[in-house]
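2 protein chains.
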Amino acid sequence: PFCPGNEAATPPEISTIRRDNSAPNAPGWTLRVIPNKFPALRIEGEIDRRGEGIYDRMNGIGAHEVIIETPEHAQDLADMDPGAFEDVIGAYQSRLLDLKKDERLRYVMIFKNFGAAAGASLEHSHSQLIATPVVPKRVMEEMDGAKRYFEYRERCIFCDIVVQETKNRKRLICENNSFILVCPFAPRFPFECWIVPRNHLSNFEDATAEQLKDLAAILKDCLMRLKKALNTPPYNYVIHTAPITVRGIDFYHYHLEIIPVLTHIAGFEWGTGFYINPTGPEDSAAYLKNII
Amino acid sequence: PFCPGNEAATPPEISTIRRDNSAPNAPGWTLRVIPNKFPALRIEGEIDRRGEGIYDRMNGIGAHEVIIETPEHAQDLADMDPGAFEDVIGAYQSRLLDLKKDERLRYVMIFKNFGAAAGASLEHSHSQLIATPVVPKRVMEEMDGAKRYFEYRERCIFCDIVVQETKNRKRLICENNSFILVCPFAPRFPFECWIVPRNHLSNFEDATAEQLKDLAAILKDCLMRLKKALNTPPYNYVIHTAPITVRGIDFYHYHLEIIPVLTHIAGFEWGTGFYINPTGPEDSAAYLKNII
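Protein chains in written order, with the UniProt record's numbering: chain A, 1 to 292; chain E, 1 to 292.
Everything labelled a hint here was simulated from the structure, so no lab data went into it.
Hints may contain errors.
Repeated chains share a single entry, so a pair holds when one copy, or any two copies, can fit it.
Said to hold, decoys possible - Mimicking SDA-like on lysine to any residue, the simulated pairs with C-alpha atoms at most 25 Å apart in a straight line are:
1) 137 with 170
2) 137 with 188
3) 101 with 61
4) 147 with 51
5) 213 with 264
6) 170 with 86
7) 137 with 263
8) 228 with 216
9) 227 with 35
10) 289 with 159
11) 37 with 148
My request is simple: use the sequences and hints to build the entire structure.
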């Protein structure tokens, strides 16, 4: 349903990039943003918090959008033209800036699921965005952890990661002017990768045009390395950024986490929140560094 | 390697149940507990906490055991003889009581992975136990949440769940003298089930012989319902109990969570810690209640 000519099979588009003067909801686009046809959350209505005995309920207010990254059905993001890849990253930022205007929303989660084992239900390359009226649990945890670190050391933990990883280089895969690509010190999964900005910035929506260009370059590089190293693995990536209601904080630093899906989550991980990873980050990084 | 006659292929047994006078590490057992041949954590050594720049390391001290539930290779736990099933639950408790004596340990996580998609690497029916020198993250979160509830209401949240679910019965699947089986109010997954003791008890290792018998009966009932309803789905179950260093607390209540593996975790779940579940607990419970 995401191929050109099938525009009527999806909800009307929210925004598009068109190289010609073609009409909305018609072929001619190179990137297209649409509401999800089967949304997890809906933009209409009131939040309406209420009790049910000891439990709490609220309505599913929010937004669920799909970013169709390319008109070509079989295009793999890793092989995409660099300019087109920059458009994808640009679309993430512009949707975030637009949704930020809705005062009911607190967070915009931008992510991509590639491959059925990573939760992708359609093959045509796309990313998703879910805007929520609450700050998600994992985001709160990461922010709280970073805040505690800052309170003790008066330094941002992500800035410290950049310093340590660029100095010892054991877990560094590659770098450019704005970002480093590393296997994190305590990865949950083999070949887990993080893209971290060199300079402190808490919110992805405040990244400059030059940063976005560099992010597109290093993310494409990362996906190409994983594709070659692991034979086109399923993967998830998620943009970790501060809540849209928060700006310019000194203890948190936006970044992107990429998880190849090579194993299954099992009882131990469900019960503990800990992950057993047989492949050390130094080994994963050395392998990915030598690809290409 | 778990079938009778292959005892030499596994590490020497920690404990067994034998119906005859057969020798250790030889056939004749009906249940066998062994160390995991490829352990996530090892019992030998010192914890040895140390820094590496901004990061922290410690050695992987702990225990990783396998409970081989039956000598029959193709036996499914759901179809097991009730007495043999009671032996499995009894083995969980006796291993917990034994590991509790090791003062380096803080938690014993008991779980079962059934089916490859649920993380089982061997087909022969088995459960696992991992004892850790720290209280796991998810356990801390659940304890903290329960404690905050208790501080506000001076009631255990699990006791409140038992009262509300047995009263309105919308999410109740079945019950016996000691336990209820429910689909929880906010399930992460379709057909997620919880077994909750009727009476307040924080630690699984303090359950009476009568409770263990009732737990075996209701867990077997749950597994049979899931098997019939979902055509032998992969699943995980985990015993949620208070840390072994804690006893008789009033705000936490041991229970068992069963998760059929029907879907994949994707970027949204990784990023948020929230779960999108298309099947409401009232629907799952109604369906499971009418099975059999």
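How the hints compare with the structure:
When the C-alpha separation of residue 137 and residue 170 is checked against a cutoff of 25 Å, the pair qualifies neither within a copy, at 31 Å, nor between copies, at 28 Å. With identical chains, the CA atoms of residue 137 and residue 188 are at most 25 Å apart both within one copy (18 Å) and between copies (14 Å). Within a single copy, residue 101 and residue 61 get their C-alpha atoms as close as 15 Å, which meets the 25 Å cut-off; across copies the closest is 50 Å, which misses it. Proximity of residue 147 and residue 51 under a CA criterion of 25 Å is satisfied inter-copy only: 20 Å between copies versus 32 Å inside one chain copy.
For a Cα distance limit of 25 Å, the shortest separation of residue 213 from residue 264 qualifies neither inside one copy, at 34 Å, nor across copies, at 32 Å. Taking the closest pair of Cα atoms, residue 170 and residue 86 never come within 25 Å of each other, the shortest separation being 29 Å inside a single copy and 50 Å across copies. In this assembly of identical chains, residue 137 and residue 263 lie within 25 Å of each other by CA distance both inside one copy and across copies; the values are 24 Å within and 21 Å between. Taking the shortest alpha-carbon separations for residue 228 and residue 216, only the intra-copy value of 18 Å comes in at or below 25 Å, while the best inter-copy value is 48 Å.
Taking CA atoms no more than 25 Å apart as the test, residue 227 paired with residue 35 passes in neither setting, with 29 Å inside one copy and 37 Å between copies. In the homo-oligomer, the alpha carbons of residue 289 and residue 159 lie at most 25 Å apart inside one protomer (22 Å), although the nearest pairing across protomers, at 54 Å, exceeds that limit. Taking CA atoms no more than 25 Å apart as the test, residue 37 paired with residue 148 passes in neither setting, with 40 Å inside one copy and 39 Å between copies.
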